[in-house]
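Given the sequences, and given the hints that come with them, work out the whole structure.
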Amino acid sequence: MNDNDLRTIGDEPVGPEQLLALAERSSAEVLRQTTPSEVLMYWVWGAAWSIGFFGLWLTSGDEPFIDAHTAALWVHGALLVTAVVVTSVHIGRRVHGVYGPSTEVGRRLGTTWLVAFASYGLIMFGLDRVDGAGDVNSVLSPLLACLIVGVIFMAANTDLGGVAFVLGAWILLMCGVAALVGDSAFLLVMAIGGGGGFLVTAAIASRRLDHLAAQ
Amino acid sequence: MSEVVELDPVIHAVVRLRITATLAGLASGDSLSFTRLQSILDVTPGNLTTHLRKLDDAGYVTIERSGSGRASRTVVALTASGRTAFADYTAALRSMIEID
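For the record, the sequence lines run as chains A and B.
Under the numbering used here, think of the first position of the first sequence as 1, with each following residue one higher.
Under the numbering used here, think of the first position of the second sequence as 1001, with each following residue one higher.
There could be a bad hint or two in this list.
[Unchecked claim] Here are some of the chain B residues that sit facing chain A, going by a computed Cβ distance under 7 angstroms:
| no. | residue |
| --- | --- |
| 1 | LEU1017 |
| 2 | ARG1018 |
| 3 | ALA1024 |
| 4 | GLY1029 |
| 5 | ASP1030 |
| 6 | LEU1032 |
| 7 | ARG1036 |
| 8 | THR1090 |
| 9 | LEU1093 |
| 10 | MET1096 |
| 11 | ILE1097 |
I should point out that these hints are in silico values taken from the structure, not numbers from a laboratory.
Note that CB positions come from ideal geometry on N, CA and C, so glycine has one too.
Now the structure itself:
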C-alpha cells in the first residue's frame, strides 16, 4: 500500500468511517501503550499483601498454625520486593520515551513513595533503638507502612473514576481496624481487608476498563 | 444543496493521520521520542522522517533534537495548531458520515 493512498487501507476501500476509526484506534493505542496499567498494579500488590500477611498470621501468636515465622517473614519480604520490581519495571516500560507534564507528575509521585518509605525505614530504626523488645514495633511496622500507602493513594487520586481514592480510604480504615484488633489477628485484617481491598479494586477497575472499551 | 466538506491534505495520508492521532492521544503538553513513536506506529525511520517533515512544514508538529552521538534524542510533539487541525479533520469526517 502506498502510504499516501487513501483509496484503500490494505484491501479495504477507505471511507470517512474507516478514517475516523483509524484515527480513534491510533489515539487509543498510544494511550494504552504509554499509560501504566493500574489494574495490573492492584493485582500485584493485592496478591503480595494477601499472601504475605496471611502467611505471617498463620505463623504468629502463642500457638501458631504453622511453626515457621522466620520463613513467613522472608516470603512476605520477597513478595513486597517482587511487587516493587514488577511495578517499577512496568511503569518504566510504559512511560519510556514519553516526556511532559504527565510523566513529571508520575516522577514526583514515584519520588514521594521513595522518600516516604525511606523516612519509614529511619522511623522504624529509631523506634527499634527505644523499644528493644520490639513488641510495639512488630505491630507498628506494617500499620505505619499501611498508613503511608493509604495516604498516598488518596492524595494521588489520578485514575479510573477515583477508585484509587476509595482504595486509599479503605486501606486507612483497615489500618485503624487492624490497630484496634491488635495481637496477631491484625495480620489477618491486613491480609483480608488490605490485600482483599487491592484485589476487589483490581476487579472493579478491570470491569470499568472493559465497559469503557465496549463503548 | 449538498455541502462540500474539505479534508486537510496535510493530515489526509495514512501515516500522517496515524502520527497526528497518536500525538493527539497523549496528554496535552506531552511529547514522544522519535524511536517510541516509530515503535508504536510500526513504520521505518525513513518513512516516519518523511511524513514528520511534512507535518513540521505545516506547523502541526515540533521536532526537537538534543544531545549528540549515542546520547542524542529526538522528541516529537503536536502543536496547538496541529491539535486544532486534527480536531477539524475528525469533525469533517464526522460531518461526511452524517451527510451520507
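Each hint tested on the structure:
1. LEU1017: With Cβ-Cβ at 6 angstroms, under 7 angstroms, it holds.
2. ARG1018: 5 angstroms, holds
3. ALA1024: 6 angstroms, holds
4. GLY1029: 5 angstroms, holds
5. ASP1030: Holds - the Cβ of B/ASP1030 comes within 7 angstroms of chain A, reaching about 3 angstroms at its closest.
6. LEU1032: 6 angstroms, holds
7. ARG1036: B/ARG1036 check passes; min Cβ-Cβ to chain A is 3 angstroms, inside 7 angstroms.
8. THR1090: 6 angstroms, holds
9. LEU1093: Since the shortest Cβ distance to chain A is 4 angstroms, the answer is holds.
10. MET1096: 4 angstroms, holds
11. ILE1097: Given a least distance of 5 angstroms, the restraint on B/ILE1097 holds.
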